[in-house]
Structure formats: structure tokens, C-alpha cells
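Q: Here are the chains, one letter per residue:
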Amino acid sequence: DTGVSQNPRHKITKRGQNVTFRCDPISEHNRLYWYRQTLGQGPEFLTYFQNEAQLEKSRLLSDRFSAERPKGSFSTLEIQRTEQGDSAMYLCASSFGPPLGQVRSYEQYFGPGTRLTVT
Amino acid sequence: EDQVTQSPEALRLQEGESSSLNCSYTVSGLRGLFWYRQDPGKGPEFLFTLYSAGEEKEKERLKATLTKKESFLHITAPKPEDSATYLCAVQAEAAGNKLTFGGGTRVLVKP
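Going down the list, the protein sequences come from chains A and B.
Residue 1 is where the first sequence starts when you use the numbering used here, and the numbers rise one by one after that.
Residue 120 is where the second sequence starts when you use the numbering used here, and the numbers rise one by one after that.
A few of these clues could be false.
Claimed, not checked - Cross-link-like lysine to any residue pairs, in silico, SDA-like; alpha carbons within 20 Å at most:
id, chain 1, residue 1, chain 2, residue 2
1, A, Lys11, B, Ser137
2, B, Lys161, A, Ala88
3, B, Lys161, A, Thr117
Because the hints were derived from the structure by calculation, they are not lab data.
Same shape as in the complex, but just chain A:
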């Protein structure tokens, strides 16, 4: 399967603990995105990378959240000192990025998500 993969699929943690999620994008894609989705809502953008550079962060991404994409391949999203409000599905997506100087829109392909429950 050459789609986007995410691990773990489910995570239950106690309030105050740190958690880390991993995303492996489609190998040909240079862009990687993180979104958060709560029940009954559409996904909300958190951050995105082009290769290893983090180019955009949402104001939703508090200082307890940090994302990395070393070497421009897989990415990790860490949440420190988790709170009950962090309970959600964390989705990763990847896409192609346009060549330098070009502006166009590419579809993003999503992984299965990591469901986080903070007790």
C-alpha cells in the first residue's frame, strides 16, 4: 500500500502526559500537512511542511504542539502536557508541491488518522 500511513491509530493518555504521533507520506510527495478533527466537524489545519521546512502554522497550534519533518520524509507531531481538549482525530495528508515560480493547487491525500483520547 503506497498511501499515507499514520501510527499509532489510537492513543489513550492521561492528562499532563506527552504524546507523539508519526506520519509517513506518499513517497513522491514533498508537502506534508497536519489537521485536527473533532466529532461532527470538518478537519482544521494545524501546520504544513515543504520538504523539511515548516512553512505555515495555524494559531490553533499552541506552544504545547510541535511538529518536525527531519530529512523531508516522515513527520512527527508531539503534544506536551496533554489536556482533555486535545482529544480529537489527528490527520496527516501529503501532496505534490508546484515547481518554483508556479502557483497551482494539488489535491491532498489523507492518512487514516490517529485518534487521541485524553482522560
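Place chain B on chain A using the hints.
A: Below, chain B alone, put in the same frame as chain A:
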């Protein structure tokens, strides 16, 4: 701020009963409008991208259309396997590369 509103929130259809889902958007310059299908507990699955008003795309029983203010997803003669949440998202010229999603329409097709 970019906004996407989907209606209705939920739709119950009999098998074979065609219907349309609406996605209204307000963006500062549309770069692309995307439709996704999401099954419970899974990530969104890409369906269509529309770039400009008047554009239409089709896939099996689904057809997506785009105007300057809204998009429609038409489901023709739906089957139970079309039951899912359908999400609409926009990518705005001034918003970098993020997608702004609507709340989705939950579709249930009964046999």
C-alpha cells in the same frame, strides 16, 4: 477569513433517490475547491478538484459543479455504499496551502 458552509447537515435517502449537497464558500480568491468522502473512523478520501466557475467533474454516481459562490455534489441513483460524510474544502490564494473545510454532510442511503 475564509468560510465554508455545507448544507444540509444530514440527508437520508432511499436507494435510487437522487439528491444534491450544497457547499457555499467565501474566500479571497479561490485557488481550488475539493470534495472528499469520509467513512466513520477513517481519513477523508479525495473525490474531485474544481478550479473555476462552470467546471464539472463526474465519477460514477457523483457529479460536482462549481459557481462563483457555491459548489454542488449531485448523487444520482445512490446505493447504500454511498453512505458517508461528504466534505467540501477550499484553498484560497491568500491562505497558503491549507484547506479550509466545511462541517460536512452526513448521507445515509437506505436500501
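Q: All hints, please: hold or fail.
A: The hints, checked one at a time:
Annotation: proposed proximity of lysine 11(A) to serine 137(B) is violated, straight-line Cα distance about 39 Å (limit 20 Å). A hinted pair counts as satisfied when its Cα atoms are at most 20 Å apart, and lysine 161(B) with alanine 88(A) qualifies at roughly 13 Å. Only pairs whose Cα atoms come within 20 Å are accepted, and lysine 161(B) paired with threonine 117(A) is accepted, the gap being roughly 16 Å.
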